[in-house]
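So you can see what is in the structure, the chains are spelled out below.
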Amino acid sequence: MKFLKSLTLPEFSLWNKMREQAKIVSFNLELTGRCNHNCRHCYINLPAQDQQAKAREFKVDEIAGIAEQAVSLGALWCLLTGGEPLLREDFFDIYLSLKKKGLLLSVFTNAALITDKHLCFFKKYPPRDIEITVYGVTQETYEKVTRKPGSFANFTRGLDLLLASGIKVRLKAMVLRSNVRELPEISRFCRGKTKDFFRFDPFLHLRFDGDAARNAEIKTERLAPEEIVALENSDPQRFKAMEKDCAQFIFPESSHSHCNHLFHCGAGQGSFTVSYDGFFRLCSSLWHQDCIGDLRKVSLTDAWSNLVLKVRDMRSDKEKFLKRCRICPIINLCLWCPAHAHLETQEMDSPVEYFCAVAHARAKSLKNN
Amino acid sequence: MEKKLVLESIFAPSEDVVAREIQGEFLIIPITSGIAESDEEIFTLNETARVVWNNLDGKRTLRALIDKLSVEFDSPAAEIENEVCGFTEELLKRKMLIEVKRG
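Chain order of the listed sequences is A and B.
When the first sequence is numbered by the numbering used here, its final residue is 369 and no position is left out of the sequence of numbers.
When the second sequence is numbered by the numbering used here, its final residue is 1103 and no position is left out of the sequence of numbers.
Don't read these hints as lab results, they were simulated from the structure.
Be a bit skeptical, because a hint or two may be false.
[Unchecked claim] Taking lysine-lysine and the DSS-like style, the derived pairs with C-alpha atoms no more than 25 Å apart in a straight line are:
1. Lys1095/B <-> Lys168/A
2. Lys364/A <-> Lys323/A
3. Lys1004/B <-> Lys100/A
4. Lys123/A <-> Lys1093/B
Source: prediction; values computed, not measured.
Build out the structure end to end from the sequences listed, making use of the hints.
Spelled out as structure tokens, the structure:
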């Protein structure tokens, strides 16, 4: 008789059951907003030495308390992100406290702070994966993005250490004006290093803190809609995936066209995010003041049970939105969502012209192909 | 060579794994390396294994456990022994169980 059944995570049927029953499957913990880099496009980073930001960070016991509640609500997987999570001096304590609750952990890092101590630790307590963003494969390009002298050498050293130790690493790239010319080399580098998963993302989000100067800078780093489409078309795997789903993406009448609910996305559906200073959000980008909960004042259980329902029931009566985005037949090709609309326009039910232009460029390309 | 199980021994779950029940599924999640063969691997227990696991408490000998389950399930002790020992050996092989006291 087989008492013990071994399963790999993708074949685990529990995921679907949990989503159907509105249970928590996963959550993201932003351990800090601080970062050792100062990337041009970053939506969150604060200086590594920012003492005010450091003082606001959730402590180990507060994080453990949230994780305890999340686990009791069914959570199985947790992503540790930032800022740069390895900047936390108590990173090992946080990581281990979550592991001991039976959570599977992923870590997003820029790899520049990886030491032998991290390697020993991750080898003993393996993460599900460590995901690293590659900003360039030359010092010039990499440091043009990060604006941190020496960061390229630190990144390559950290990445090589992780790869040599056999820890599972996934690589990805953000594509911005400052590194787009190097994307083919970045893709080759990433696929050559891991022979596994690689993805690039040309969609630069605006700042969570609304910093006007930084937002203006992010906008200058955004690619034009036609450039994004050209990049998508040049990646055979990505283009095939989009082509395959083309019929689902473009449809004559949206199924949501008669509904004035704001949220038709996955926000709060099986997952949530907690900011470094303890704010609960239904998704990473949803920062509207009516959609967040301070976990220093309300419990996670309360936020999950009540706030999520309240937000998911939000509606719009704005004609500009209802007559445009809500009935748009190519909305599934669009980056539009209430969270990003709020970051872009301060309103959750306003169209975003840049997103609209990208969606139309994508639709045109798909139709032509 | 594998050590033969001694029924007077006492076993307990290793601190290198966490057992969790989610939506009726009983999961064993490794904390340390060397238990799963990949970082994508987790383990589920069937009904029988779940009962045995919950009774491997670091206090009771295997023989006491077999006697207890034999009464609870109204089954012959030899049949229960076969299942308990099979599962215990599998857990020991996977390093999910530790021998607290050798009988």
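Here's how the hints hold up against the structure:
1. Lys1095/B <-> Lys168/A: Answer holds: Lys1095/B to Lys168/A is near 22 Å, not above 25 Å.
2. Lys364/A <-> Lys323/A: holds, 21 Å
3. Lys1004/B <-> Lys100/A: violated, 31 Å
4. Lys123/A <-> Lys1093/B: Measuring from Cα to Cα gives roughly 20 Å; hence the hint holds.
In the structure shown, a violation is registered for the earlier hint numbered 3 alone.
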